[in-house]
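Put chain H on the given structure of chain E with help from the hints.
Chains as they are written, first to last, in the working numbering: chain E, 1 to 161; chain H, 1 to 114.
Just to be clear, a hint being listed does not mean it is correct.
Said to hold, decoys possible - No more than 25 Å apart at the CA atoms, straight line, and that leaves these computed lysine-lysine pairs for BS3-like:
id: 1; chain 1: H; residue 1: K91; chain 2: E; residue 2: K125
id: 2; chain 1: E; residue 1: K58; chain 2: E; residue 2: K72
id: 3; chain 1: E; residue 1: K89; chain 2: H; residue 2: K93
id: 4; chain 1: E; residue 1: K148; chain 2: E; residue 2: K58
id: 5; chain 1: E; residue 1: K58; chain 2: E; residue 2: K68
id: 6; chain 1: E; residue 1: K125; chain 2: E; residue 2: K148
id: 7; chain 1: E; residue 1: K125; chain 2: H; residue 2: K93
id: 8; chain 1: E; residue 1: K89; chain 2: E; residue 2: K72
id: 9; chain 1: E; residue 1: K68; chain 2: E; residue 2: K145
id: 10; chain 1: H; residue 1: K97; chain 2: E; residue 2: K89
id: 11; chain 1: E; residue 1: K148; chain 2: E; residue 2: K68
id: 12; chain 1: E; residue 1: K145; chain 2: E; residue 2: K89
id: 13; chain 1: E; residue 1: K125; chain 2: E; residue 2: K145
id: 14; chain 1: E; residue 1: K128; chain 2: H; residue 2: K91
id: 15; chain 1: E; residue 1: K68; chain 2: E; residue 2: K50
id: 16; chain 1: E; residue 1: K153; chain 2: E; residue 2: K68
id: 17; chain 1: E; residue 1: K148; chain 2: H; residue 2: K93
id: 18; chain 1: E; residue 1: K58; chain 2: E; residue 2: K153
id: 19; chain 1: E; residue 1: K153; chain 2: E; residue 2: K125
id: 20; chain 1: H; residue 1: K97; chain 2: E; residue 2: K145
id: 21; chain 1: E; residue 1: K58; chain 2: E; residue 2: K46
The set of hints was computed from the structure by calculation and includes no laboratory data. Note that the structure is predicted; figures quoted are calculated from it, not measured.
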Amino acid sequence: MVRQFLLNVILMLVWVLLTGAFTLADFTFGFLLSYGILWLVSRLAKDEGKRYFVVVPKSIMLILFFLKELVKANLHVAYEVITPGLRIKPGIVAVPLDVTGSYEILLLTNLISLTPGTFCVDVSKDRKTLYVHEMYVGNKEEYIKNIKNGFEKRILEITQK
Amino acid sequence: MTDLIVGSIAFFGALFILMAGIGIVRMPDTYLRMSVATKSTTLGVGLSLLAFGIHFQEQMTTMRVIIIILFVMITAPVSAHLMGRATYISKNKLWDKSVCDDLENKYDKEDNLS
Chain E
1 MVRQFLLNVI
11 LMLVWVLLTG
21 AFTLADFTFG
31 FLLSYGILWL
41 VSRLAKDEGK
51 RYFVVVPKSI
61 MLILFFLKEL
71 VKANLHVAYE
81 VITPGLRIKP
91 GIVAVPLDVT
101 GSYEILLLTN
111 LISLTPGTFC
121 VDVSKDRKTL
131 YVHEMYVGNK
141 EEYIKNIKNG
151 FEKRILEITQ
161 K
Chain H
1 MTDLIVGSIA
11 FFGALFILMA
21 GIGIVRMPDT
31 YLRMSVATKS
41 TTLGVGLSLL
51 AFGIHFQEQM
61 TTMRVIIIIL
71 FVMITAPVSA
81 HLMGRATYIS
91 KNKLWDKSVC
101 DDLENKYDKE
111 DNLS
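Bound conformation, chain E alone:
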């Protein structure tokens, strides 16, 4: 995957040197153009050569999904704060983890903490459980299923070997 990324950067530099313009827009266009060319070429390669072209769109999709969740949950909490009478049902839920590496747990924890209404209190010592304090615990199993289908599935798609 590093090889594909280096090839991408080299082709971008070739494009910039050929056109002779060194603005940020030219760098971006060169990067996208070389990404497209390398993707067309990689259709003949084996599976390891194709991983780069699977990971990059999925990462962009993860960022967009996260931004949508952030705005939606913030509006929910803002509505809750303004209207009289509290409708919250808080609680601490133990979520079993599927991701194992340190960086993946960090990414999942940050993503959970940034959608309002939830934040992570602790990770258990053997890194198998995540304790999340949540504002609207309707049904515990349903909440755990929501987190696993939403965030964890996408992170596993990106980082699985």
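Frame of chain E, contents of chain H only:
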């Protein structure tokens, strides 16, 4: 046209920060206050910085704005997590109408590791 966009984004940024402030006063529990405060202020500060970056259309300003937003989004959840853990260890009770508490007796008495 740019003024309209910048004005509306800055307006929503300030509105979310106001929501965070009201939320801190209204919530009955330490954990709830922390969660409302960190998340809403992160989004509000992000939107205000975005409006600032769009208004001054220079390259250096825009790059710095993007990096600042990224750093705030990386470090705010870590600080919220540490404060939440410290609050739980110093035996601050949850709100009495809470639904469930899975972290009841998981901490060792001496070294506070679960």
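Worksheet item: Does the alpha-carbon distance linking K68/E and K145/E stay inside the 25 Å limit?
Response: holds, 19 Å
Worksheet entry | Pair hint outcome, K148/E versus K93/H [Cα-Cα no greater than 25 Å] | violated, 28 Å
Discussion item. With the threshold set at 25 Å, check whether the alpha-carbon distance from K153/E to K68/E stays at or below it.
Written reply: holds, 17 Å
Discussion item. With the threshold set at 25 Å, check whether the alpha-carbon distance from K128/E to K91/H stays at or below it.
Written reply: Holds, at about 24 Å.
Worksheet item: When you check the alpha-carbon spacing of K97/H and K145/E, does it fall within 25 Å?
Response: Satisfied, since the Cα-Cα distance of roughly 24 Å is no more than 25 Å.
Discussion item. Given the hinted pair K125/E and K93/H, is their Cα-Cα distance within 25 Å?
Written reply: Status holds; Cα separation ~23 Å.
Worksheet item: Between K58/E and K153/E, is the straight-line Cα distance small enough, at 25 Å or below?
Response: Holds, because 11 Å separates the two Cα atoms, which is no more than 25 Å.
Discussion item. Just to be careful, I want the Cα atoms of K68/E and K50/E compared with a cutoff of 25 Å; is the pair within it?
Written reply: violated, 28 Å
Discussion item. What's the verdict on K58/E and K68/E, does the C-alpha distance respect the 25 Å limit or exceed it?
Written reply: The given pair, whose Cα atoms are some 15 Å apart, holds under the 25 Å limit.
Practice prompt. With a cut-off of 25 Å on the C-alpha distance, tell me whether K125/E and K148/E pass.
Written response: holds, 20 Å
Practice prompt. For the pair supplied as a hint, K148/E and K58/E, confirm whether the alpha-carbon distance does not exceed 25 Å.
Written response: Holds, at roughly 17 Å.
Item to complete: Sort out whether K125/E lies within 25 Å of K153/E, counting only the CA atoms.
Response: holds, 23 Å
In summary, the numbered hints that this structure violates are 15 and 17.
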